[in-house]
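Residues per chain are reported as follows:
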Amino acid sequence: MSRIRAALRPESSLRRRLVAALLLATIGSLVFASGAFAGFATPESGGSPNADQIHSLYKIVLYIAIVVFVVVEGALLYSVVRFRAKRGRVAAQIHGNTRLEITWTVGAALILVVLAAVTFAKLGSIQNPPNSDATGLQFASTTEPTPPNGKKLTICVTGRQYIWRYTYGANCKSNAFGLPYSYQEMVVPANTTVVLDLQSTDVIHSWWIPKLGGKFDAIPGYHNYTWFKAPHAGALYRGQCAELCGRNHADMTARVRIVTPDQYLTWIADQKARIAAANRQVIQLRRQLTAYGTL
Amino acid sequence: MATTAPALRPVPQVIAHEVKAEPTRARWTEWFTTTDHKKIGILYIVTTFAFFLIGGVEALLIRLQLGAPNNNLITPEHYNELFTLHGTTMIFLFVVPMMAGFANYFLPLMIGARDMAFPRLNALSYWLLLFGGIVFYSSLFWQPPEAGWFSYTPLSEHTFTPSGGQDAWIYLIHLTGISSLVGAINFYATIVNMRAPGMGWGRLPLFVWAILIYALLLILALPVIAGAVTMLLTDRNFGTHFFDPTQGGSPLLWQHLFWFFGHPEVYIMILPGFGIVSEILPVFARKPIFGYKAIAASTVVIAFLAALVWAHHMFQTPVPTVVLGFFMLSSFLIAVPTGVKIFNWIATLWRGNIDFKTPLIFCVGFISIFVVGGITGIFLAVFPVDWQLTDTYFVVAHFHYVLMGGAVFTIFAGLYYWYPKITGRLCSEPLGKASFWFMFVGFNVTFLVQHAAGLSGMPRRVYQYPANAGLTVYNQISTVGAFILGFGILLSVINFIRSYKRGAIAGPDPWKANTLEWFTTSPPPVINFDVIPRVRSVEPMKDIRRQVERQSGIEQPGTVGQPVTFV
Chain A
1 MSRIRAALRP ESSLRRRLVA ALLLATIGSL VFASGAFAGF ATPESGGSPN
51 ADQIHSLYKI VLYIAIVVFV VVEGALLYSV VRFRAKRGRV AAQIHGNTRL
101 EITWTVGAAL ILVVLAAVTF AKLGSIQNPP NSDATGLQFA STTEPTPPNG
151 KKLTICVTGR QYIWRYTYGA NCKSNAFGLP YSYQEMVVPA NTTVVLDLQS
201 TDVIHSWWIP KLGGKFDAIP GYHNYTWFKA PHAGALYRGQ CAELCGRNHA
251 DMTARVRIVT PDQYLTWIAD QKARIAAANR QVIQLRRQLT AYGTL
Chain B
1 MATTAPALRP VPQVIAHEVK AEPTRARWTE WFTTTDHKKI GILYIVTTFA
51 FFLIGGVEAL LIRLQLGAPN NNLITPEHYN ELFTLHGTTM IFLFVVPMMA
101 GFANYFLPLM IGARDMAFPR LNALSYWLLL FGGIVFYSSL FWQPPEAGWF
151 SYTPLSEHTF TPSGGQDAWI YLIHLTGISS LVGAINFYAT IVNMRAPGMG
201 WGRLPLFVWA ILIYALLLIL ALPVIAGAVT MLLTDRNFGT HFFDPTQGGS
251 PLLWQHLFWF FGHPEVYIMI LPGFGIVSEI LPVFARKPIF GYKAIAASTV
301 VIAFLAALVW AHHMFQTPVP TVVLGFFMLS SFLIAVPTGV KIFNWIATLW
351 RGNIDFKTPL IFCVGFISIF VVGGITGIFL AVFPVDWQLT DTYFVVAHFH
401 YVLMGGAVFT IFAGLYYWYP KITGRLCSEP LGKASFWFMF VGFNVTFLVQ
451 HAAGLSGMPR RVYQYPANAG LTVYNQISTV GAFILGFGIL LSVINFIRSY
501 KRGAIAGPDP WKANTLEWFT TSPPPVINFD VIPRVRSVEP MKDIRRQVER
551 QSGIEQPGTV GQPVTFV
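So the sequences go chain by chain: A and B.
Just so we're aligned: the first sequence equals residues 1 to 295 in my numbering.
Just so we're aligned: the second sequence equals residues 1 to 567 in my numbering.
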């Protein structure tokens, strides 16, 4: 240890104090600034427990990162200020220090072991859907992934150039025929675990509502899953496709409207009626066109 | 022999003489027929720098479009073309071949060789690169590619992108790929076979170590991308269905193949930069490199791990948790050797006598920028966090911190460091320093706020963003920064052009450096060296100066930790 210190010892102490003060000021300002981070230095959250858990995991990484940043950039800044060329100074002809090499290799590895442990500890709460609250709706369904009690609302999210389609109901994956659906705006009941089955019919799209958790790709030929459980009825969350899907990629937006369970049941019934009415209109039009000989 | 007193032995000095041949044809035709590694190196450096400027203009157009919300300056079609051209140009036509250019010029000089192992193959490498670039850019006259630099299938399939621009992109990958592949084989053969007497593996300059590993990674990764783009080519034009999900093909297969090449490619781009920094820091700190073995070993470890991290680009695709965990841990692991390098560089500056010449300032700028890119890389390796951050401007900021820092700043450091050797003249220091500060400040203004834009929900590759999304200010700051950065680069261009005729004469060794390229005239003659010295350490030029001092009794500047400024 003393050999390491000897190898690193600067020759005078006047500028050392100056630089130490500078370093302290940097750390101080960063700690002070950490309160103001919430807005721009952390990901969106607040709409669903998985988004909140990602947010808190992100903050742990951020704090470790700030310490690493300050130490490394501080050491760099210190050495370029403290050891800049001076007449009469002779650079120390050191070739290395094995103990120092081992120390920082192990040190860096330890930080990463801690990060890995924290991530795996948090993973369950981000990846696995919880039960719906007692106040939420309790739909039975067997598609993967599933909360412990097996009850959730399944919605199939289908991406295509350049709009999202949502099909509501447990069997949307196997047989979507006759199920209610909507485009662009998804309506879901509050406090209910919603599992999304992501698919695509053309190119790769990516489902992302920042406040409701991470993004997952909708890839043609594959099924991908994610979930959210939104507590705030009345909230409207916005997002957009996050994987380049063509020229109008930027216009492929999505909205998720959270309503009370009762409002949701009413909306579903209304939506079914609207779809049925629209279907009847189409049938009528087809008959007319056939009668005119257009079809 | 043993009776000869040391003082009577001939004093070693820079001994290399140009033997002028009678010009039999016009001089400019030499540039087309040359197999001289130095001429080819210059061709590489000038060509790739031109592509860098074109890619930079594309970046400025992108920033102009994003300078205001709901902007209609550029159509979505042209916007997609711009970022595809920008990414492809910077990676395939600038960073990778620029490093090849440096290696071409300086690798034989640094190891005391008279040319590359296969000079004609070397010329082939360059001409394939140039024609790859020309083919790619001629798509401007028809329809440029628009599926992004990683051309994800099925978007890049014929159904969704019918234009020939995509095929031009495939052709570019083929041509530059073969160019890099034969170049890599050439570098490898040269390093293994043509080192000066006494230059064992433990005395190889760190830049040469980096090029050795760069060559190995290219040989490992390029066949994979060559196969993948050939499959895409046959999908698009000959009716196969490798990546077509409607016919049993797999879009995810493309991603695995692409990133198996794509992630080693990142290290292909930055390892030579690391090598340049490892050469420059000791010269201007007037100290030996700290931990030579640790830096060389970490280069090898990074290369090994680079082949095991590709799926961290695919955390948001359907992959099982165990795969997510594996790629998180392997990505973490690669931070360790990278950290070791950074610590060793800082330790090299520590207790030095640092001479603030432009090359050194660019190196210090590189370290400070790259640290940020490395740290944000850890955020992205934590896969649950990556689910929020990937495909947003956070990622855009991250890889610009890594590649602008790791490649552009190190390339500028290399250009300023070696310019006197290539041209025989020194660059203007004040102009170089001004260029650095504009670039450094402009870079951080451009990209630091992009982290925040991404965290606030701005996906990458969008041509517009709404006015009420809270993204306007971030984007405006970023656009202003981009023009500051561009101005900084322009100052360097002016510096390079101006110094070519008007710079101070450099002499053979203006920096009192450590490696053998400084043991010949600036610019070096075709033959490189009249006599190749025996190498006794990692710093052969320092040994030569010491020997001169011993034998002549005249103190040689720059041998005892004194910067050139004071001698």
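Quick caveat, the hints were computed from the structure, so don't treat them as lab data.
Glycine included, every Cβ here is placed at the ideal spot set by N, Cα and C.
Misleading hints may appear alongside valid ones.
Sample of chain A residues at the chain B side, in silico, Cβ under 8 angstroms [stated by the list, open to error]:
#: 1; residue: P43
#: 2; residue: E44
#: 3; residue: I54
#: 4; residue: S56
#: 5; residue: G96
#: 6; residue: A108
#: 7; residue: L110
#: 8; residue: A116
#: 9; residue: A117
#: 10; residue: A121
#: 11; residue: K122
#: 12; residue: P129
#: 13; residue: G214
#: 14; residue: A242
#: 15; residue: C245
A few chain A residues that face chain B, going by a derived Cβ cut-off under 10 angstroms, partial list only [claimed, not checked]:
#: 16; residue: T42
#: 17; residue: Y78
#: 18; residue: R82
#: 19; residue: A92
#: 20; residue: I209
Enumerated hints in conflict with the structure, sorted upward: 4, 7, 9, 10 and 12
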